[in-house]
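The listed protein sequences correspond, in order, to chains A and B. Residue numbering for the first sequence follows the numbering used here, starting at 1 and increasing by one per position. Residue numbering for the second sequence follows the numbering used here, starting at 1 and increasing by one per position.
The set of hints was computed from the structure by calculation and includes no laboratory data. For clarity, every value in this text was computed on a predicted model and none was experimentally measured. Wrong hints could be hidden among the right ones.
Copies of the same chain look alike in the list, so a pair counts if it fits in one copy or across any two.
Straight-line distance between alpha carbons at most 20 Å, and here's what the computed DMTMM-like set of lysine to aspartate or glutamate pairs gives [said to hold, decoys possible]:
1. LYS2 with ASP15
2. LYS2 with ASP31
3. LYS56 with GLU43
4. LYS64 with ASP35
5. LYS53 with ASP35
2 protein chains.
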Amino acid sequence: MKARIHITLKNGVLDPQGKAVQNALGSLGFDGVGDVRQGKYMEIELSETDPDKAEKTVELMCQKLLANTVIENYTIKIGD
Amino acid sequence: MKARIHITLKNGVLDPQGKAVQNALGSLGFDGVGDVRQGKYMEIELSETDPDKAEKTVELMCQKLLANTVIENYTIKIGD
Numbered sequence: 001m002k003a004r005i006h007i008t009l010k011n012g013v014l015d016p017q018g019k020a021v022q023n024a025l026g027s028l029g030f031d032g033v034g035d036v037r038q039g040k041y042m043e044i045e046l047s048e049t050d051p052d053k054a055e056k057t058v059e060l061m062c063q064k065l066l067a068n069t070v071i072e073n074y075t076i077k078i079g080d
Numbered sequence: 001m002k003a004r005i006h007i008t009l010k011n012g013v014l015d016p017q018g019k020a021v022q023n024a025l026g027s028l029g030f031d032g033v034g035d036v037r038q039g040k041y042m043e044i045e046l047s048e049t050d051p052d053k054a055e056k057t058v059e060l061m062c063q064k065l066l067a068n069t070v071i072e073n074y075t076i077k078i079g080d
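Same shape as in the complex, but just chain A (with noise of 0.2 Å):
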C-alpha cells in the first residue's frame, strides 16, 4: 500500500522559494506568472494493507516528522 503526502505551507506564511522561483521564471522571459508556493511531495511505501489503519499511522508520521504542523499543512492519499 502507498501512501501520498502533499506537504505546503499554510496561507499567510511567507514562502521565499516559491518567491524566487517567481522571480526566476520573470527573468526567463515567462509573463503572467502570479503567486507561486513551493511544497513537498512524498511517496511512502507501507506493509499495512488495512487502508484506515495505513492513513492514521501516516497522519502519526505527518505530526511526528513529515511536517512542520506549525507553518504547514498536510493531506494524505492512500492508495496503490
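We have chain A already, so just place chain B on it with the hints.
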C-alpha cells in the same frame, strides 16, 4: 488558472533524502515502512486562461527551470 506540478526522481535514481526519512521513521518506532521517495510540489498562479496554452507554458517552465530532466520526471495538472 492554477498549475499543480509534481517533480519526482526517476526510477533508479538514488534518493538519499527519502532514505533518511525512511530511517528516521524506523527510529521513531514506525514499523513496515518501505521505500520512501521525496519529491517537490509546486502551485503556480497563471494569468493565462486557455488550459492548453497554460499547459504548454508550464511544460516549458519545467524543462527550462523547475525540473532537472536528466534525473527527474514531472507531471502537470492545470485547473482552478
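Check: What are the numbers of the hints the structure violates, in ascending order?
Finding: Per hint list: zero violations.
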